[in-house]
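Chemist: In the order they appear, the protein sequences are chains H and V.
So the first sequence is numbered by our numbering: it starts at 26 and just counts up by one.
So the second sequence is numbered by our numbering: it starts at 2 and just counts up by one.
Simulated from the structure, these hints should not be mistaken for laboratory data.
Hints may contain errors.
Stated by the list, open to error - In silico SDA-like links for lysine to any residue, alpha-carbon gap of 25 Å or less:
hint : chain 1 : residue 1 : chain 2 : residue 2
1    : H       : Lys86     : V       : Glu33
2    : H       : Lys58     : V       : Glu55
3    : V       : Lys57     : H       : Val487
This one's a predicted model, so the numbers in the text were calculated from it and none came from an experiment.
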Amino acid sequence: MEPDPQIRFRVDQNLGMPHKPDISLRIIRALCKPELVEEIEGNLLERKDMLGYSSYAGLFKYWFEVLNYLRPSMLRSFRKSKNQGSMFIFNPRLALRNLLKHKSTTFISLSGFVIGLLSVIFLYFYIENEMNYDAFQADKDIIYRAKRLSTINGEAYGVGVTSGPYAPALLNDYPSTITSACRAYPQNGLVEVGTKQFYEEKMLFADTNFFEFFSYPLAIGDPQSVIDDVNTVVISKEIAKKYFGDLNPIGEIIEVDHEYKFTITGLLDDLPNKSQLDFDMVFNIELFNRYDWFHGWWYNGLITYVKIQTAQEAEGLNEQLPQFMDKYMGEDFERNGSKIGLAMEPYTAVYFNNKTRFDRVNHGSKTNITILGLVALAILFIACFNYINLSIAQSYKRAKEVGVKKVLGANRSRLILQFIGESLLIMIFSVTFAIALAELLLPKFNNFFGLEVIFTWSNPVVIYFFVGLILTILITSGLYPALLLSSFKPVSVLKGGKVSLGSNLIVRKGLVIAQFSISIFLIIATILISEQINFMKTKNLGYNKESVLIIENNNLEIRDKKEAFKEALRNHPNIIHVGSASGAPGGYHDGTSIQISGQPESIKIRTVFADPEYLKIFDIPVVAGRGFSSDLSTEIDYAMMVNEKVLKDLGLKPEDVIGKKTKIPSWEMERTIVGVFKNYHFLNLKNKIEPLGIMMGDFHRRYLVKINGHNISQTLADIEEIFAEFSPNNPISYRFQDDMLAQHYLDEEKQVRVFMMFSVVSIFLACLGIFGLASYSAQQRQKELGIRKVLGATMAQIMTLISKEFMILVGVASIISIPLSWLFVSGWLTDFAYRIDLTDNWSTFIFGGLIAFAISFITISLKTYKAALSNPTESIRYE
Amino acid sequence: MKGTNLGEFEELVLLTTIMLQQEAYILRVQEELKSQANRNTSMGALHATLTRLENKGFLKSELAGATRERGGRRKRIYEVTAAGKNVLTESRQLRDNLWNQIPKYALELIRI
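Make the full structure from the sequences, and use the hints.
Modeler: Written out as structure tokens, the structure is:
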């Protein structure tokens, strides 16, 4: 051993006390060879004396000297003990043997980490994909979308669509602020190439500067001019494949709706990330120039994007926009008695702003992302806790190893290194497995959750994230066991005395409680969310949604023969009612203001244009006045009905409105209210019932067919045949009303699946952990159990003995997680206007706890049963 | 033991050490190198050179002379060994020989 540095100097007392070592001397003392320290320190002190203490230059020179001393010839060796063979360095083979020796615990920790990492990998990429929507747009920070602001009876909301004249007017009125503008109009239509004919849903009509304004990449075509001609189109690679196979599509002609012909001038390249605008064909919007609606301020179907150079300018512009709206629509506002506002919404905010109504862009949900992120974190926690817990539980087995190594000269840091090395080995295995599994399961995962997640491993951020994550896991889960194991005193462990794990008991119990709290939380959340979805699907909507078929009225052939087609359907024996309307419940309902004569105030309502069959098809009861008469000649352009909500909002009785003339200024119409119908949920259950008017009119986009339950497939085939008779050149497109409604709840269904999946994973992991602990406990108390058995304990008594301590933990976990899940679920439910009552579902909370209780009890029993069965002669034979 | 050849810098250090006699310790050597040969060295670098010379057997050293400025730490005083003196003489003779062989007119030409 080297002498203690403190007594190494022979200090001449006459020359004063040794210099109080400052940081520089301490560095030298710590790093340099002990035999050189005295001299070096002396030199440095003398040099400092010469340089003086005050000037920065002196200080700099001094530190230059200090650092220059740190060279190989001066540095000490850091090998402390001479007695440290390869045995104490991290030795992978030794670590591997240790892992193989304890197969079951290794398996538990390994599978825990694999599942945890798998969840994190999936969720990380899902979240990354979501956050990177439109990340490739070069100008994303200066693009804004024009959003209309409106209120319906006091409640403010934004509308994502605008009309044709906004863009030119904005460019004209604010030339210094708005540098460019681009309109995009999503459409659908029938595309025909030769004999191939498909109904395409993702067409986009855009201004000619579309490919300059945005950064959508083109594989073929010049972004500046590719859609300059009115009859040109740019298509995606999938579309090209669908219609032309491997042939070059450039220059080919496609026909849309039997009406328009377009020449293909460009090919879209694959997008680097996903985009809020979802399209696979881009046409020139000038095609619509000849139509009146395209120049009207009230036809709102397209999206207006503008570029504003700075955020301040955008804010300044937002303040001026009320004047802008007044300038162009002031007369209409006066006529309608209500105003509409306009605001510029940053492009990057559009994707996550899913509160905007009637929006034709893709949306994501920040809440979903946060929830999923937390779930991934929770799963990972559980896996880490498992590892910590099992390592602690195992430590008694390895106490002797630690003792022997210490006696042979290993010091603590070496042992810590060794144990962390073992954790690292487990991590390396788990990461490899997890990545391989993730690649393998990705298609299944995407399919199951209805997602399109892509893995992008090559991204440096991804690599940093995962390396950081693995290091964090390693430190959080490897460090504590390593510290614990390396702290054993050789004397006490080698003497054969018991290793005291007393103080760790609290840590271990805490970890088990945390694991089960998370699991129970997820179980309860899963059940309640699926309850809510079930509630929405089965709640009486105020109308009968069963067996109603919605057929798109989407081509000229069928449009021209509307009444004849309906008549033909009516003759079918299995068809009860046939009607047509502008939309079906759950779909888009246009809004307008109406002015009922004799009433001082106008009211905003949503509208449906329908034929007399509408109320019958959906079984909507009439509460006052009359329903529509089937005599179209008198009824059309005359009759309208309103729901009870209109009366309630105006504070009127049915007799106050029936027979009253009603003006609809924005559409320049006049109707007479003939009756009042009962409220029904014409949107979805996330929204409250709003005022609604059903009018006799001719703007029918859909046929509604009520069929009976006999031989549905035959009926559908017949309907298809009848449709083909009337419309030989266009395919039929239809779906059932209840299927369409279910679409509204897709997001929530996805959420349920995610929760379900991860609550299963979490409870599985927690059980693995508790299983490991129970086996440890059974082993530890083997002798005690043997003696108890000899003294006459029954099997049940022995099983409860061990189970009890764990069951208490699960009990505590339920007490913790029940209020937390209550808080979470009630927060989640606020998004829904119609929701389940949590107090009615109190039993779910108990149920969640009970499930965890039962599963963990069964898991533990597997172990305790064996322990209770074991022959006492085996366990107490030795010693 | 490394080779016993003498580098240019090592030669300077050895000469300075002889010149300084009893005063030959690292700070003084460093100072002289700076003032006479205009060579900037750090103590760390110089220490390495001195140790190397010691390993080659040209120098020997002992710790002595703690002073107040040094916080009571002793310094390492260097002394040139016989081997050191020999190698310096050899080097000087080599140079003198070479100088003497230069023709007179060549010396005049370069104006020395």
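Chemist: Take the hints in turn and mark each one as holding or not.
Modeler: Here is how each hint holds up against the structure:
With a C-alpha separation of about 18 Å, the suggested pair Lys86 (chain H) and Glu33 (chain V) falls inside the 25 Å cut-off, and the hint holds. About 17 Å separates the Cα atoms of Lys58 (chain H) and Glu55 (chain V), which keeps this hinted pair within 25 Å; it holds. Between Lys57 (chain V) and Val487 (chain H) the CA atoms are separated by roughly 55 Å; this puts the pair beyond 25 Å, and the hint is violated.
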